[in-house]
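The UniProt record's numbering numbers the first residue of the sequence shown as 1 and each following residue consecutively.
Hints were generated in silico from the structure; no laboratory data involved. Remember, predicted model here, so these are calculated numbers, not experimental data. Cβ atoms here follow ideal geometry from the backbone N, Cα and C, with glycine treated the same way. Do not take every clue at face value.
Pairwise CB distance ranges (calculated) [said to hold, decoys possible]: (1) P43 <-> A8: 27 to 37 Å; (2) A56 <-> S30: 27 to 37 Å; (3) P73 <-> M1: 21 to 31 Å.
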Amino acid sequence: MVAAVLSAGGSVRVGCAPGVDAAVRSCCISAVVVRASSFSGPPRARLAARTRAVVAGASALCVFPPAGGSLGPGSSLAIRCALSAGLPVWCAGPRPSVPVSWSSLRLAGVPGFVYLPAPSLF
Numbered sequence: 001m002v003a004a005v006l007s008a009g010g011s012v013r014v015g016c017a018p019g020v021d022a023a024v025r026s027c028c029i030s031a032v033v034v035r036a037s038s039f040s041g042p043p044r045a046r047l048a049a050r051t052r053a054v055v056a057g058a059s060a061l062c063v064f065p066p067a068g069g070s071l072g073p074g075s076s077l078a079i080r081c082a083l084s085a086g087l088p089v090w091c092a093g094p095r096p097s098v099p100v101s102w103s104s105l106r107l108a109g110v111p112g113f114v115y116l117p118a119p120s121l122f
């Protein structure tokens, strides 16, 4: 996925579990890693702040839920933030339960669903 983003001229921002962050950095040294530890407050608030910061600097969102396919609170928050910002969202695996018009889309060989917002003319 990282290779597909880079070959399209995009940049990568990540804020996930340390292992995921490290895997992304190994594929893309220029990836911006947003760490929860850079925010203040209790752990849950820091994680939410990290998620918002990752999405705030994005031009699109890709979500990879755990193997079971259920979105955790961080992934759900990321999708809600991206939808509020009018960003395209792609989610691997089963159709997310967020009530928008999802379309099936295989991205870099990975099955998933995409939401493409209507273009803004003004």
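27 to 37 Å was suggested as the range; check whether the CB atoms of A56 and S30 agree with it. Distance hint for A56, S30 is violated at roughly 18 Å.
Verify the CB-CB distance for P73 and M1 against the hinted window 21 to 31 Å. 22 Å, holds
With respect to the beta-carbon atoms only, verify the hint that P43 and A8 lie 27 to 37 Å apart. 35 Å, holds
Comparing the model with each numbered hint stated earlier shows that hint 2 is the single one that does not hold.
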